[in-house]
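Protein chains: 2
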Amino acid sequence: MDPQDFRFSTQISHLALDIGGTLIKLVYFSANGDNFEESSDGSIVVRSGCSVVEGRLCFAKFETRKIDDCLEFIRFNILHHSSGVKHPNGTAMDKLSVKATGGGAFRFADLFKEKLGILFDKEDEMHCLVVGANFLLKTVPREAFTYLDGQKEFVQIDHNDLYPYLLVNIGSGVSMIKVDGDGEYERISGTSLGGGTFLGLGKLLTKCKSFDELLELSHHGNNRVIDMLVGDIYGGTDYSKIGLSSTAIASSFGKAISDGKELEDYQPEDVARSLLRMISNNIGQIAYLNALRFGLKRIFFGGFFIRGLEYTMDTISVAVHFWSRGEAKALFLRHEGFLGALGAFTSYETQSHNNDLKSYHHTVEREIVNCSDDKIRHMPVTANLNDGETIECSINLV
Amino acid sequence: MDPQDFRFSTQISHLALDIGGTLIKLVYFSANGDNFEESSDGSIVVRSGCSVVEGRLCFAKFETRKIDDCLEFIRFNILHHSSGVKHPNGTAMDKLSVKATGGGAFRFADLFKEKLGILFDKEDEMHCLVVGANFLLKTVPREAFTYLDGQKEFVQIDHNDLYPYLLVNIGSGVSMIKVDGDGEYERISGTSLGGGTFLGLGKLLTKCKSFDELLELSHHGNNRVIDMLVGDIYGGTDYSKIGLSSTAIASSFGKAISDGKELEDYQPEDVARSLLRMISNNIGQIAYLNALRFGLKRIFFGGFFIRGLEYTMDTISVAVHFWSRGEAKALFLRHEGFLGALGAFTSYETQSHNNDLKSYHHTVEREIVNCSDDKIRHMPVTANLNDGETIECSINLV
Numbered sequence: 007m008d009p010q011d012f013r014f015s016t017q018i019s020h021l022a023l024d025i026g027g028t029l030i031k032l033v034y035f036s037a038n039g040d041n042f043e044e045s046s047d048g049s050i051v052v053r054s055g056c057s058v059v060e061g062r063l064c065f066a067k068f069e070t071r072k073i074d075d076c077l078e079f080i081r082f083n084i085l086h087h088s089s090g091v092k093h094p095n096g097t098a099m100d101k102l103s104v105k106a107t108g109g110g111a112f113r114f115a116d117l118f119k120e121k122l123g124i125l126f127d128k129e130d131e132m133h134c135l136v137v138g139a140n141f142l143l144k145t146v147p148r149e150a151f152t153y154l155d156g157q158k159e160f161v162q163i164d165h166n167d168l169y170p171y172l173l174v175n176i177g178s179g180v181s182m183i184k185v186d187g188d189g190e191y192e193r194i195s196g197t198s199l200g201g202g203t204f205l206g207l208g209k210l211l212t213k214c215k216s217f218d219e220l221l222e223l224s225h226h227g228n229n230r231v232i233d234m235l236v237g238d239i240y241g242g243t244d245y246s247k248i249g250l251s252s253t254a255i256a257s258s259f260g261k262a263i264s265d266g267k268e269l270e271d272y273q274p275e276d277v278a279r280s281l282l283r284m285i286s287n288n289i290g291q292i293a294y295l296n297a298l299r300f301g302l303k304r305i306f307f308g309g310f311f312i313r314g315l316e317y318t319m320d321t322i323s324v325a326v327h328f329w330s331r332g333e334a335k336a337l338f339l340r341h342e343g344f345l346g347a348l349g350a351f352t353s354y355e356t357q358s359h360n361n362d363l364k365s366y367h368h369t370v371e372r373e374i375v376n377c378s379d380d381k382i383r384h385m386p387v388t389a390n391l392n393d394g395e396t397i398e399c400s401i402n403l404v
Numbered sequence: 007m008d009p010q011d012f013r014f015s016t017q018i019s020h021l022a023l024d025i026g027g028t029l030i031k032l033v034y035f036s037a038n039g040d041n042f043e044e045s046s047d048g049s050i051v052v053r054s055g056c057s058v059v060e061g062r063l064c065f066a067k068f069e070t071r072k073i074d075d076c077l078e079f080i081r082f083n084i085l086h087h088s089s090g091v092k093h094p095n096g097t098a099m100d101k102l103s104v105k106a107t108g109g110g111a112f113r114f115a116d117l118f119k120e121k122l123g124i125l126f127d128k129e130d131e132m133h134c135l136v137v138g139a140n141f142l143l144k145t146v147p148r149e150a151f152t153y154l155d156g157q158k159e160f161v162q163i164d165h166n167d168l169y170p171y172l173l174v175n176i177g178s179g180v181s182m183i184k185v186d187g188d189g190e191y192e193r194i195s196g197t198s199l200g201g202g203t204f205l206g207l208g209k210l211l212t213k214c215k216s217f218d219e220l221l222e223l224s225h226h227g228n229n230r231v232i233d234m235l236v237g238d239i240y241g242g243t244d245y246s247k248i249g250l251s252s253t254a255i256a257s258s259f260g261k262a263i264s265d266g267k268e269l270e271d272y273q274p275e276d277v278a279r280s281l282l283r284m285i286s287n288n289i290g291q292i293a294y295l296n297a298l299r300f301g302l303k304r305i306f307f308g309g310f311f312i313r314g315l316e317y318t319m320d321t322i323s324v325a326v327h328f329w330s331r332g333e334a335k336a337l338f339l340r341h342e343g344f345l346g347a348l349g350a351f352t353s354y355e356t357q358s359h360n361n362d363l364k365s366y367h368h369t370v371e372r373e374i375v376n377c378s379d380d381k382i383r384h385m386p387v388t389a390n391l392n393d394g395e396t397i398e399c400s401i402n403l404v
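Read top to bottom, the protein sequences are chains A and B. So the first sequence is numbered by the numbering used here: it starts at 7 and just counts up by one. So the second sequence is numbered by the numbering used here: it starts at 7 and just counts up by one.
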């Protein structure tokens, strides 16, 4: 591919970041090439008479501890392709100020300024989570789904019957937010047992290097090796009077107290499985108890913890179903990890009033940036390019 | 001491057991020697004309995995000293049938029958916990106390204003029981993150051998080494908008994800501290959320997890206080570990109708059995004799 063609096909703008304790999440708009033409001075401008730019929302994520990879990715893939993009009226899109949320928007502001010349326009983290969730639930078809008895089922959300709901964002820690409407929300609870606990304890216990490795391990494990079940205490029988079956977990990791084994004697798979079960179940239970306080029937789970893993969704769903006796429902989101970044992204629209972002079609295309360009191929960056599914959308340049 | 004197001074009866997944708890009645005299056939009988036997409730505990120690303890210290005790009317106290509760009453019934000739008269676990708690709260002065800001304060319970309350029993797992009156209760919730999780994960992470060792370790640790704080994410600042200070824990064990350390690089003290904090805080939070559902203002914590450890009580108290905004109160019990065993014990009274147990005075005497007897000194048993504080009481033989 001719580099010139590539440049036309991947004009990128509107980067937004959500920098958490564990992960950095990026959302950016990649305009389709046919929106643009080259002007007389060699810069790329939006095609004359074109007020709606079509393209895709793209997603990427990096580990926060590998922030240099993120900086390189932005430098080569985003800043490079957004340079010189101008609206036909001559106003250059601001390439220096970027929407950012999450604690890292504070912690790493100086680093981004120094290394990339980017200034963070900071957005509140809870606000962004809510705005991002509302955007997905209202705009993107087949975004939310339930997972029960091994069945994934997409749920069509009636916009007039969306609120109130409980948003549970599972990042390093967990935030629980009661959402009552556009911009109406309250953080009502949270727990420190979140994705950071899973990965932190998981690394110490299994020597896994990454979240994905730990999830993969857990897939092959059996939690009953290390969890103490009701049947282990009751000699194989249920404690039926209070509704506890013999296979219910009485004590997470409880078997490790007694069988004279050391860490090395357990299979890492089993340890990972117990850990995932413990944390998923605990989040499901605390979420349900908070939903109950306010009579919320729907609980949406966001954040980068679940990743479509069936066992995790099943554990959370069963916890919510069990404790609520079927009254409350756990729902999952396909773009679960990017709520905050999407919320920051959409704030370009609400603040500048000169863009109108509309998602009109959702694809399952998984390739985020065209990788045929030399600059990308040789770049020392390994982004998780396949993590987020792109969302086709248009930006209205008014 | 003459063995004969000793036998007189330690007549033991009314053994009750609570056999959990981690610990076996024993309560037994040790009558004062001057209640007895030797009869013509050499057996020990209650002194003629004496209908109230005075003595003490004694407590002991064993690890369930070391059940042989428990069997030996019962054989040498209890069966030996209860043999031949007769009421003046000639009916022998039943030495074969013993009240037992907890899952182990099922699991180990055959073992006790085979090794000691003891038959378990099984009592429901939740029922015993509630009966035991009510007995302590109504009968034993200075039993319940609060722990706030480093201050322990005994709470005088008004018997007419005791109910309803939430009983949180932290054993291997955790049961949460709403208590509405004598015999009126419901197990409303629980969590698998309990004492078994603390000890199980603690053993795997620190190579500690016992609960006490792990608690001692945690005493010297600093959880901030391994927990991810709000300030770690926000670059040292608070997230004040939602009331999270920079020192709040955002993610338990969250720092372990990123700093390239392995388990061996952390101090076991710090790991133990984080673990204790995580589990205590989680229990406090779930307890509060359940108390809130039913408008319960007082939460009593029982079970063998807390053991008077200030850090644990402080964490639980702060969690309850923080989440309830001061509306609910955490209370602790001096005999926290023996609720189930006490409940089983008092069921002798309610079922047989021939004993009337009254605690009339509470001492802080910590020696449970007289250790000067040769048989005890040479016995291959290490009971935790100092764990429970004895309760002086009397049994009315009607």
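If you are wondering where the hints come from, they were derived from the structure by calculation, not from laboratory data. A couple of the hints might just be wrong.
Claimed, not checked - Below 20 Å or equal to it, Euclidean Cα-Cα: the simulated SDA-like pairs (lysine to any residue) are:
id, chain 1, residue 1, chain 2, residue 2
1, A, Lys303, B, Lys335
2, A, Lys128, A, Leu117
3, B, Lys267, A, Cys214
4, A, Lys247, B, Asn228
5, B, Lys213, A, Ser264
6, B, Lys303, B, Asp116
7, B, Lys335, B, Ile73
8, B, Lys119, B, Arg81
9, A, Lys247, B, Asp320
10, B, Lys72, B, Glu219
11, B, Lys158, B, Asp320
12, B, Lys213, A, Lys247
13, B, Lys267, B, Glu219
14, A, Lys267, B, Lys119
15, A, Lys128, B, Lys158
16, A, Lys144, A, Thr396
17, B, Lys267, A, Arg313
18, B, Lys128, A, Lys267
19, B, Lys72, B, Asn38
Here is how each hint holds up against the structure:
1. Restraint check for A:Lys303 and B:Lys335: not satisfied, since their Cα atoms lie roughly 29 Å apart, outside the 20 Å limit.
2. Straight-line distance between C-alpha atoms of A:Lys128 and A:Leu117 comes to about 14 Å, which keeps the hinted pair within the 20 Å bound.
3. The suggested pairing of B:Lys267 with A:Cys214 holds, with an alpha-carbon distance near 12 Å, which does not exceed 20 Å.
4. Our distance criterion of 20 Å between C-alpha atoms is broken by A:Lys247 and B:Asn228, whose separation comes to about 42 Å.
5. Taking the CA atoms of B:Lys213 and A:Ser264, the gap is near 13 Å; set against the 20 Å cutoff, the hint holds.
6. As the CA atoms of B:Lys303 and B:Asp116 are separated by approximately 42 Å, the hinted pair breaks the 20 Å bound.
7. The suggested pairing of B:Lys335 with B:Ile73 is violated, with an alpha-carbon distance near 37 Å, which exceeds 20 Å.
8. Distance check on the hinted pair: B:Lys119 and B:Arg81 sit about 12 Å apart at the alpha-carbon level, within 20 Å; holds.
9. A hinted pair counts as satisfied when its Cα atoms are at most 20 Å apart, and A:Lys247 with B:Asp320 does not qualify at roughly 34 Å.
10. With a C-alpha separation of about 17 Å, the suggested pairing of B:Lys72 with B:Glu219 holds against the 20 Å cut-off.
11. For a cut-off of 20 Å, the pair hint linking B:Lys158 to B:Asp320 stands: about 10 Å separates their Cα positions.
12. A hinted pair counts as satisfied when its Cα atoms are at most 20 Å apart, and B:Lys213 with A:Lys247 does not qualify at roughly 37 Å.
13. A hinted pair counts as satisfied when its Cα atoms are at most 20 Å apart, and B:Lys267 with B:Glu219 does not qualify at roughly 24 Å.
14. Restraint check for A:Lys267 and B:Lys119: the C-alpha separation of about 29 Å exceeds 20 Å, so the hint is violated.
15. Using a Cα cut-off of 20 Å, the hinted pair A:Lys128 and B:Lys158 is violated, with the two alpha carbons roughly 45 Å apart.
16. Taken as a hint, the A:Lys144 and A:Thr396 pair is honoured in the structure, with Cα atoms around 17 Å apart against an allowance of 20 Å.
17. Restraint check: the Cα-Cα separation between B:Lys267 and A:Arg313 comes to about 26 Å, which exceeds 20 Å; the hinted pair is violated.
18. Taking the CA atoms of B:Lys128 and A:Lys267, the gap is near 32 Å; set against the 20 Å cutoff, the hint is violated.
19. Annotation: proposed proximity of B:Lys72 to B:Asn38 is violated, straight-line Cα distance about 30 Å (limit 20 Å).
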